[in-house]
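The whole structure should be built from the sequences, with the hints applied where relevant.
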Amino acid sequence: MTRILIANGRVIDPSQGLDRVMNLLLADGRIQPYDQPPRGDEQVLDATGRIVAPGLIDMHVHLREPGREEDETIATGTAAALAGGFTSVACIPNTEPPIDTQAAVEFVQHQAALADNCNVYVVACVSKNREGRELAELGLLVRAGAVAFSDDGSPVYDAELMRRAFEYCLMFDKPILNHAEVLELTRGGVMHEGLVSLVLGLPGMPSAAEDVMTSRDIALAEATGGRIHIMHVSSAGSVEIIRRAKRRGVRVTTEVCPHHFTLTDECLRSFDANFKMNPPLRCRSDVEACLAGLADGTIDCIVTDHAPHAREKKMQELDQAPFGIVGLETALGLVITQLIEPGWLTWSQAIEKMSTNPARILGLPKGTLAPGADADVTIIDPGYAWTVDPMQFRSKSTNTPFVGWQLRGRAETVIVGGKIKYQALPAGTRRDL
Amino acid sequence: MSVEVGDRTYLGPLPAVWVRNHLLGLEELSAEELTAVLDAAAMFKEVTEGCQEKLNVLRGKTCANLFFENSTRTRTSFSLAARRLGADTLDFSPSGSSLSKGETFIDTAKNIEAMGIDVVVVRHRTPGTPHLLAQNLACSVINAGDGAHEHPTQGLLDIFTIRELRGSIAGLTVALVGDINHSRTARSNIWGLKKLGARVILCGPSTLVSQRWRELGVEVSHDLDAILPECDVLNLLRIQFERQTMRPFPSVREYAHLYAMNRERLARTRADILILAPGPINRGVEVTPDVADGPHSAILRQVTNGLAVRMAVLWLVCGAADRDGS
Numbered sequence: 001m002t003r004i005l006i007a008n009g010r011v012i013d014p015s016q017g018l019d020r021v022m023n024l025l026l027a028d029g030r031i032q033p034y035d036q037p038p039r040g041d042e043q044v045l046d047a048t049g050r051i052v053a054p055g056l057i058d059m060h061v062h063l064r065e066p067g068r069e070e071d072e073t074i075a076t077g078t079a080a081a082l083a084g085g086f087t088s089v090a091c092i093p094n095t096e097p098p099i100d101t102q103a104a105v106e107f108v109q110h111q112a113a114l115a116d117n118c119n120v121y122v123v124a125c126v127s128k129n130r131e132g133r134e135l136a137e138l139g140l141l142v143r144a145g146a147v148a149f150s151d152d153g154s155p156v157y158d159a160e161l162m163r164r165a166f167e168y169c170l171m172f173d174k175p176i177l178n179h180a181e182v183l184e185l186t187r188g189g190v191m192h193e194g195l196v197s198l199v200l201g202l203p204g205m206p207s208a209a210e211d212v213m214t215s216r217d218i219a220l221a222e223a224t225g226g227r228i229h230i231m232h233v234s235s236a237g238s239v240e241i242i243r244r245a246k247r248r249g250v251r252v253t254t255e256v257c258p259h260h261f262t263l264t265d266e267c268l269r270s271f272d273a274n275f276k277m278n279p280p281l282r283c284r285s286d287v288e289a290c291l292a293g294l295a296d297g298t299i300d301c302i303v304t305d306h307a308p309h310a311r312e313k314k315m316q317e318l319d320q321a322p323f324g325i326v327g328l329e330t331a332l333g334l335v336i337t338q339l340i341e342p343g344w345l346t347w348s349q350a351i352e353k354m355s356t357n358p359a360r361i362l363g364l365p366k367g368t369l370a371p372g373a374d375a376d377v378t379i380i381d382p383g384y385a386w387t388v389d390p391m392q393f394r395s396k397s398t399n400t401p402f403v404g405w406q407l408r409g410r411a412e413t414v415i416v417g418g419k420i421k422y423q424a425l426p427a428g429t430r431r432d433l
Numbered sequence: 001m002s003v004e005v006g007d008r009t010y011l012g013p014l015p016a017v018w019v020r021n022h023l024l025g026l027e028e029l030s031a032e033e034l035t036a037v038l039d040a041a042a043m044f045k046e047v048t049e050g051c052q053e054k055l056n057v058l059r060g061k062t063c064a065n066l067f068f069e070n071s072t073r074t075r076t077s078f079s080l081a082a083r084r085l086g087a088d089t090l091d092f093s094p095s096g097s098s099l100s101k102g103e104t105f106i107d108t109a110k111n112i113e114a115m116g117i118d119v120v121v122v123r124h125r126t127p128g129t130p131h132l133l134a135q136n137l138a139c140s141v142i143n144a145g146d147g148a149h150e151h152p153t154q155g156l157l158d159i160f161t162i163r164e165l166r167g168s169i170a171g172l173t174v175a176l177v178g179d180i181n182h183s184r185t186a187r188s189n190i191w192g193l194k195k196l197g198a199r200v201i202l203c204g205p206s207t208l209v210s211q212r213w214r215e216l217g218v219e220v221s222h223d224l225d226a227i228l229p230e231c232d233v234l235n236l237l238r239i240q241f242e243r244q245t246m247r248p249f250p251s252v253r254e255y256a257h258l259y260a261m262n263r264e265r266l267a268r269t270r271a272d273i274l275i276l277a278p279g280p281i282n283r284g285v286e287v288t289p290d291v292a293d294g295p296h297s298a299i300l301r302q303v304t305n306g307l308a309v310r311m312a313v314l315w316l317v318c319g320a321a322d323r324d325g326s
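Protein chains in written order, with the numbering used here: chain A, 1 to 433; chain B, 1 to 326.
Calculated directly from the structure, the hints in this document are not laboratory data. Take these hints with a grain of salt, some might be off.
Claimed, not checked - Not close to chain A: a few residues of chain B, all C-beta gaps over 12 Å, as computed:
#, residue
1, V17
2, S30
3, A31
4, T35
5, N70
6, M115
7, T173
8, F241
9, E254
10, P295
11, A321
12, R323
13, G325
Claimed, not checked - Quick list of simulated restraints, FRET-style, between CB atoms:
#, chain 1, residue 1, chain 2, residue 2, range
14, B, R212, A, E240, 13 to 23 Å
15, B, S221, A, E240, 27 to 37 Å
16, B, R283, A, E160, 14 to 24 Å
17, B, S168, A, E266, 31 to 41 Å
18, A, R248, B, N262, 56 to 66 Å
Computed from a predicted model, the values in this text were never measured in an experiment. Quick reminder that beta carbons are idealized off the backbone N, C-alpha and C, glycines included.
Okay, here's the thing in structure tokens:
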């Protein structure tokens, strides 16, 4: 296997508190001890002026396969992940059929192996057929390789089922990832409930719908000692509920999506379904709460909730169009432009939330550049200025609200298991489609 | 643009302030634009009163009524307005959701546009649908009601009726009573009335009149009896049973007790109170028949004025489109 020498980059590894300009040698699929003199047969990647980070991990991705291959496949979704700088993704099991059996987990793993892009970890269903009635075979799913459980797309609604799931998962130390939403409060909802929804006459989804379920999940995790990971937090209330729970030692973690720390419900004035997602874009004070939660460590991870939908589905009336947007290929640029450059996060904090913390929460042997670790590395050009053009995406779908946004920073080289899997086009060039 | 009517009257030129080839809502209109529509409507009302003769203003143009949601009154009014102006009309009422036929509503509209349409008048249960059509079609789009969002021609005809009977809007106290949260008519009235200088009070149960409305500079009351003596105009809005996910008040009976405009309440209003209702009304719920049909009611006048307002809107929108094109 080729030896790769990443020369003269700014190596930032939050797992060891490392931030210095140095060479990084990769060989045999692993990170080699630091400061070894080069042998001379290495492929040298000049990383001068670049950030060298442990491979980015997105723990909330909808790959759509099996069942909705018109939106995305495991092959196209993982290609999009690489282009976005991710070396690993965790895929959410709300496919058709849902990933609730060993065979289904193995199908995803097999397709991912055939695609041979980034690492794919499987989040499996909490309940059989994702129906929220009885537990899926969680123990066997763990054996098959499931790294966490979630019925995302829907919340685990039955409180007793949720309690049993927490208790049962104590045997495996796996977290439950819940979509926090009280459905009675959001019925028919299209956007965040507030002044904008009132003016537009669109049915609202109040923050309280998220906050009530976040509170319930935390109470059940606290009562059982289980691990709850609140998915895509979006409201100021939920950020504060999680902050307080962490303070008293509840095993709770959480994540936020770039759109929730960037956009507000004002965007819906365009009536563009690419601003329709669940949880919805909320108001300025919620965005500020997400930013504060990122800065003070309440929010552990940044995830995309990459939710591809074919164009014709999003071209419908706002109430008919499905929720969700693609995110894999814009996340890094948004983190750099919206969080690092304005000073909300340091580079080390951002990388922690996009690599080290997701690895820790899912128990993956990733998220570090320590010698001996898997050679998953993302080399980032932090100053590269680019404009979001969905036609350039590797994803099969183009449903992004960030069309035309000027972003800074992109993944330049993505290395998975010691192999270069993605290299960005030379500056200023475009994919020939 | 001026035009001969029979051999008697000349319409003035298209007002310079009017440059829009769509009418999607009143939120985005300035006071000057609102006044231009009202003045044009007054002109059309004068020209056509007692004269059933067609004008040739829109001769050679085709207006399509694209009504995804049921309507009798508004659709008829638009059709008649277009025909009075000399346009051809086409009625298209797709049944149910466009999704059920496997095409998007934009596909549906593009197919109709391909038949050579100049104006699409659209009604849809979903807010923003006319706006999406305006972005995707080359022809003019007029919003004839999009969900609970806006119903600009209804707002205009309500305001036109008030101006006609009271001389101006500025300084009047106008109460919109009823299901404000689900009412597109309320929203269009709020924008138009505020811009023209009225004091606006929204009145109804707290589940149908959000306190958030205050942020738009209007007043909110839940006590009709308390505000009655202050009002110059009452606009009684229909309870939108079809848009409510859960009935927001305990019973229709209780609603009628608290908010129905009846003879007893009428006795406590100003002597010259003007009562509007954009209809269709639930008789006995928002207003009792004696009040609806009484001397203070302008309900039928609203319908008559609706025709003049829609003629004005069609004339302005088509005129702006022609000016763009020339």
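The hints, checked one at a time:
1. V17: 24 Å, holds
2. S30: It holds; S30/B is separated from chain A by about 18 Å at its closest Cβ, greater than 12 Å.
3. A31: At about 19 Å from chain A, A31/B clears the 12 Å cut-off, so the statement holds.
4. T35: T35/B is indeed farther than 12 Å from all Cβ atoms of chain A, at 23 Å.
5. N70: Non-interface label on N70/B holds, nearest chain A Cβ at 16 Å vs cutoff 12 Å.
6. M115: 21 Å, holds
7. T173: Given that every Cβ of chain A is farther than 12 Å from that of T173/B, nearest at about 22 Å, it holds.
8. F241: Holds, since 14 Å exceeds 12 Å.
9. E254: 23 Å, holds
10. P295: 34 Å, holds
11. A321: 22 Å, holds
12. R323: At about 26 Å from chain A, R323/B clears the 12 Å cut-off, so the statement holds.
13. G325: 26 Å, holds
14. R212/B with E240/A: 13 to 23 Å: Once the Cβ atoms are compared, 22 Å apart, the range 13 to 23 Å for E240/A and R212/B holds.
15. S221/B with E240/A: 27 to 37 Å: 34 Å, holds
16. R283/B with E160/A: 14 to 24 Å: 49 Å, violated
17. S168/B with E266/A: 31 to 41 Å: Between S168/B and E266/A, where Cβ atoms are some 34 Å apart, the hint holds.
18. R248/A with N262/B: 56 to 66 Å: About 58 Å separates the Cβ atoms of R248/A and N262/B, which means 56 to 66 Å holds.
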